[in-house]
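Following numbering that gives the first Met the number 0, the numbering of the sequence shown begins with 0 at its first residue and continues without gaps.
Please note that a few of the clues may not be correct.
Unchecked claim - Derived DEER-like restraints, expressed as beta-carbon distance ranges:
1. T174 - K318: 29 to 39 Å
2. K523 - K387: 20 to 30 Å
3. K239 - N467: 50 to 60 Å
Just so you know, the hints here were simulated from the structure itself, not pulled from any lab data. In this text, a Cβ means the ideal position worked out from N, Cα and C, and glycines have one as well.
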Amino acid sequence: MHQLFQKVSLLLLACPVMVLGQTSKGNYSPLPLKDLSAFESAAPNWSIQGGIAIHPSGASKPKTLAGDGVLIGDAGTVLTTKLKASDLRLYIEFNVSPGAEGNIILPGGQKVKISDSSKQKTADASTSGYVGQFPSQNAAKSAGLWQTLEISYDASVQHIPNSARLNTLSLNGVTVLETVYLPNSKAAGDGQPIAFEVTKGSIAFRNVGYQLLANRKPLSISNLNYKVYGDKWDAKEYSKLDHEGQSPVLTQEVTNGMREFHLVYEGDIDATEAGDYIFTTIYSGPVLSVDIDGRNVVSSGEATSQETHTGAVNLTQGKHKFKIYYSRFPWRQPALGLRVEKSGVRPYDLHALSSLPEPEPKPYISVTPEMRPEMVRSFILLDNEKYKRTHCISVGSPDGWNYTVDLNRGALVQAWRGQFADVTEMWYERGEPQLLFPAGLKVHVSGRSSVALLDNANATWPDSSNINFLGYKIDPKGYPVFRYAIGSATVSDELVSGGNSLSRTFRVDGTPSGSLYSLLASGKQITEIEKGLYQIDDRYYVQVDKKAKAVVRPAGEMKELILPVSNATSYSMFW
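I would like the entire structure built from these sequences, with the hints used as guidance.
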């Protein structure tokens, strides 16, 4: 056993990040990948392994680790599941070798393209995500990084014979296709298999999950009692009871057109099937929360345009008590909706149709760099952060390499590739909450100051360095060059598109009062694939000069990649 552990450890050190095993996602049923027994007769070009490591440039052949959980295919025979499906949701993680091409074949015979297409400037029929229509943008990652594909698909469409509908297709979290009608090459109404095809190179798959969408309704609500309070819309406690009663359905219309109200529903949930249920609230107002058996399942703050929030709970078969709190903005139309879903069941509404009126049309406002880079100042709210970052600038390049810098901290907080910026929440109506959203394939970088003075290479990296922002100038190509004072030195920071990467250069003027370092990346796993090339989890790669003295070091449960900075120091990122 000890020898086996040593061999695995050496392999992980010598290869790109190798992820082991298989986990399930959300409300999906996993396709077993212990062996090939979940598939019809398998050809020699398919195998089950415990992990795979792929070099992004193909400098070495893919390396595998014995075990299970990862399905690996080379060019050759199609692999067909024993599972038969019609309407479904499908979730797949995949990893491609350089130059690889293949397809996921849906029950109606339609092929979803999977390829090494990250370097394509525009999306076409050879881009990952293509199925009957070009994706709206190229959201593919580089070879060697695990990617996600999520599909909502109806194998038949009422009143349109021999047709299927692709409701949504998301690649790496970016929705690239919506509501695409497709011809069926085979009848799928009674169920047909899903298939995997590799036509060039190697493609690995893991965490394959599916939902077979039936139209049954295993959960209902009853015995609805409501109370309507006339307290001000932003009141935290309710005391002015206006009226109360019983309702046969869940609806905000029991408020009788009041401009300001707080509505409290109590009733029973009847679950005819035990299992995990996902509830989705759709509303406009200051608050909508759902409690089941005294436990909060969904709790959310302000929603101005019927935004959705979700929560999950495991329910036993039988009756359960539930409670809903909802209040209205007096200046907006009331809207109260509650949707439920369960593995194997098509989502359905628990509210009356009239309780959720058609929302007011809301435009999509974007910024698109054309001839020169674009810069937008905004607030930024990062995942897992409670408060907005208020002094941020986002920069978009004409060839699709974009980023955001927190000027207060001198921090590169996020970078993305593809379309630049969704500024709807900044520029529509009153412009609340003044947030800019990346419109392409985003990677979270660090959020902490990018440069800092350290006593030594082992000193803890500060959340916010002792730096002062001095402003920025614009270089001849239109990119900003940020300037910071750090002690007695001045550091300039320039991020530009390098064609197939985002390149960054620090220049130091003056003499720092200590050792100056840059934080290039932090992650759970940082692997040096070759001299100067590092893989950061399954998010992105960092390339430094082979002579640079970059250091990978532990930082609690995470790891950090830092680099000494002097004179002119550069590195690049790509994904």
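Now for the hints, and whether the structure bears them out:
The supplied range of 29 to 39 Å is met by T174 and K318, whose beta-carbon atoms lie about 38 Å from each other. For the pair K523 and K387, the beta carbons lie near 26 Å from each other, so the given range of 20 to 30 Å is met. Our hint of 50 to 60 Å for K239 and N467 holds, since their Cβ atoms are close to 52 Å apart.
When held up to the earlier numbered hints, the structure conflicts with none and fits them all.
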